[in-house]
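**Q** Top to bottom, those sequences are chains A and B. For this note's numbering, add 1 to where a residue sits in the first sequence, where the first one is 1. For this note's numbering, add 1 to where a residue sits in the second sequence, where the first one is 1.
Everything labelled a hint here was simulated from the structure, so no lab data went into it. Keep in mind the model is a prediction, meaning the values are calculated, not measured. Every residue, glycine too, gets a C-beta built ideally from N, C-alpha and C. Honestly, I wouldn't trust all of these hints.
Stated by the list, open to error - 20 Å max Cα-Cα, derived SDA-like pairs, lysine to any residue:
hint, chain 1, residue 1, chain 2, residue 2
1, A, K191, B, L237
2, A, K213, B, F188
3, B, K66, B, N46
What the hints assert, rightly or not - Some chain A residues judged to face chain B by a derived CB distance under 7 Å, without partners named:
hint, residue
4, R132
5, F133
6, N160
7, L167
8, L174
9, N184
10, T190
11, Y203
12, T205
Each chain is listed here by its residues.
2 protein chains.
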Amino acid sequence: MSLEQVAAFLRGNDNFHILTHAYPDGDTLGSGYALCLALQQLGKNAAVINNELPKDYLFLTRSLKTQDFTAQTVVSVDVADEKLLGVNREKYEGHIDLCIDHHQINRVSAEIKHVEADAAANCEILYRLFRFMEIKVTKEIADCLYTGVSTDTGCFRYNNTTAETLRIAADLLELGADNAAINKVMFETKTKKKLALEREVYDTLEYFLDDKCAVIAVTLEMCRKLGVRSDELEGLASIPRQIEGVLLGITLREREEGGFKVSVRTDSNVNAAQLCAKFGGGGHAAAAGCSLNGTLQEVKEKLVEAAGEMI
Amino acid sequence: MSLEQVAAFLRGNDNFHILTHAYPDGDTLGSGYALCLALQQLGKNAAVINNELPKDYLFLTRSLKTQDFTAQTVVSVDVADEKLLGVNREKYEGHIDLCIDHHQINRVSAEIKHVEADAAANCEILYRLFRFMEIKVTKEIADCLYTGVSTDTGCFRYNNTTAETLRIAADLLELGADNAAINKVMFETKTKKKLALEREVYDTLEYFLDDKCAVIAVTLEMCRKLGVRSDELEGLASIPRQIEGVLLGITLREREEGGFKVSVRTDSNVNAAQLCAKFGGGGHAAAAGCSLNGTLQEVKEKLVEAAGEMI
Chain A
2 MSLEQVAAFL RGNDNFHILT HAYPDGDTLG SGYALCLALQ QLGKNAAVIN NELPKDYLFL
62 TRSLKTQDFT AQTVVSVDVA DEKLLGVNRE KYEGHIDLCI DHHQINRVSA EIKHVEADAA
122 ANCEILYRLF RFMEIKVTKE IADCLYTGVS TDTGCFRYNN TTAETLRIAA DLLELGADNA
182 AINKVMFETK TKKKLALERE VYDTLEYFLD DKCAVIAVTL EMCRKLGVRS DELEGLASIP
242 RQIEGVLLGI TLREREEGGF KVSVRTDSNV NAAQLCAKFG GGGHAAAAGC SLNGTLQEVK
302 EKLVEAAGEM I
Chain B
2 MSLEQVAAFL RGNDNFHILT HAYPDGDTLG SGYALCLALQ QLGKNAAVIN NELPKDYLFL
62 TRSLKTQDFT AQTVVSVDVA DEKLLGVNRE KYEGHIDLCI DHHQINRVSA EIKHVEADAA
122 ANCEILYRLF RFMEIKVTKE IADCLYTGVS TDTGCFRYNN TTAETLRIAA DLLELGADNA
182 AINKVMFETK TKKKLALERE VYDTLEYFLD DKCAVIAVTL EMCRKLGVRS DELEGLASIP
242 RQIEGVLLGI TLREREEGGF KVSVRTDSNV NAAQLCAKFG GGGHAAAAGC SLNGTLQEVK
302 EKLVEAAGEM I
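Taking the hints into account, I'd like the entire structure generated from these sequences.
**A** Here it is as structure tokens:
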């Protein structure tokens, strides 16, 4: 559906619940809060329904109004599949009215779907939508959108970054986005504990498939020992992919409920989403995720075997 | 002097030697090779006179012609002070005709000086100059300029990044700059040896001044043990500054000739250039450098004492 239809739908409805994906990142949260602020600006009732809000993202909610209403309209942002709704899946699955997303493969069933797979970030789509709807992009909305655009492109490092991405970021800076402060929090700040964790993680590094695949693991024991929270684990996934000669970097994070959350980062020649799809996950060509049950050794073997078929 | 005067000077002269600063980075090299390619495009003789060319930057020279000529005109790019010319200082000091730079404090004596301290990268100035001169920004020139713009802004992370910086980067992408490949080499690639070195460096981390100052050190012994070359040390300087609560991150690199090369990275409230100026160095508000003689302990004490007066 076109941006025009999305705009008409948003204008024609009210009392919005906006859904983000579980293990939320800057793009899903930036999209959610930007849309919420935009809808409130239009005089609508709106709320973001999160699984969790890591403390680094609290600033996105600064100027949000808490409104008392009953949901009539459900919108998902940056959600590729209803399975990824986490704790909100049971309540909202099958009830999404509008889906705005930028994943290559989107499996959400919704009345209106607007998916732009060539957008580096979902927040790019929202920026164009707001421009089209003549919504005032306030400093607070600009901060939300900048957060999504910068985090989903690794601060404009990754190959999904286009000239359009950079021009949108330029506009957002002029609209007041506090890029330096946001980048500092998202990319340039490590707690002392996280630094200690990185050291431990370096010790788990293993190479497979003629050193083309590197795997690191974060166990619950490590996190407990160092007192690291799960929201301090962001960014670890880029470690194995950065090693010279590695085409496929895999990061395993042990889950409280058993098994592992898997983050895959790849070189341009290997499709991360395709690998993760084999295990019911998804994502983008260069960055994707899935979850696997089993011991560390079992999970590693399954992934390396599947990776071996692709390299 | 205006860009117009710089343009007239370049058009009116020939047989250029272009000087970059010692311990070269992406901005001085990107500037040097971009200018060299542009002058050759205008039918001039030109060569970049380097101290060294780390292998990661070899791609900047791909389409450069080697020309046989005697230097008549000397241009420095991204050089704040003739002291920073390294091995070329003796030959060229006092003989620079044109200086193009973006450092806050520039001490080069030259007939024509064009310094824009608000440009995030020197390559930004060159992009505007080439546009003004109607020089065709080829894919190779775009690669050079993108390298400078991205490396001097930490790939658009640092607070020197402006809307103009991002728009220039967008233009360069459209002109063919291979951003993903360049970023991968500059920011996303670590040799296995470097990863091992990082682990060692983490062990040297010390906090001072109520944990507002963090210091790491790389000794010659570490480099020898791990077989790491000096051009593999880039990026280490960002480690101490990234730690939560640290306003001032100091990285010490032991020099073959004795003493230490010092890299200072700071939060917006502390001026790195001011600190380094106390020891005869210089740079930018958030990133600066100097060299100090003495043992590791002595150098650390001097720097921490000077830092204490500023925090």
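**Q** Could you run down the list of hints and mark each one as holding or not?
**A** We went through each hint and held it up to the structure:
| no. | hint | result |
| --- | --- | --- |
| 1 | A:K191 / B:L237 | 14 Å, holds |
| 2 | A:K213 / B:F188 | 19 Å, holds |
| 3 | B:K66 / B:N46 | 9 Å, holds |
| 4 | R132 | 16 Å, violated |
| 5 | F133 | 20 Å, violated |
| 6 | N160 | 3 Å, holds |
| 7 | L167 | 4 Å, holds |
| 8 | L174 | 4 Å, holds |
| 9 | N184 | 4 Å, holds |
| 10 | T190 | 5 Å, holds |
| 11 | Y203 | 5 Å, holds |
| 12 | T205 | 12 Å, violated |
Violated hints, in rising order: 4, 5 and 12; the structure is consistent with all others.
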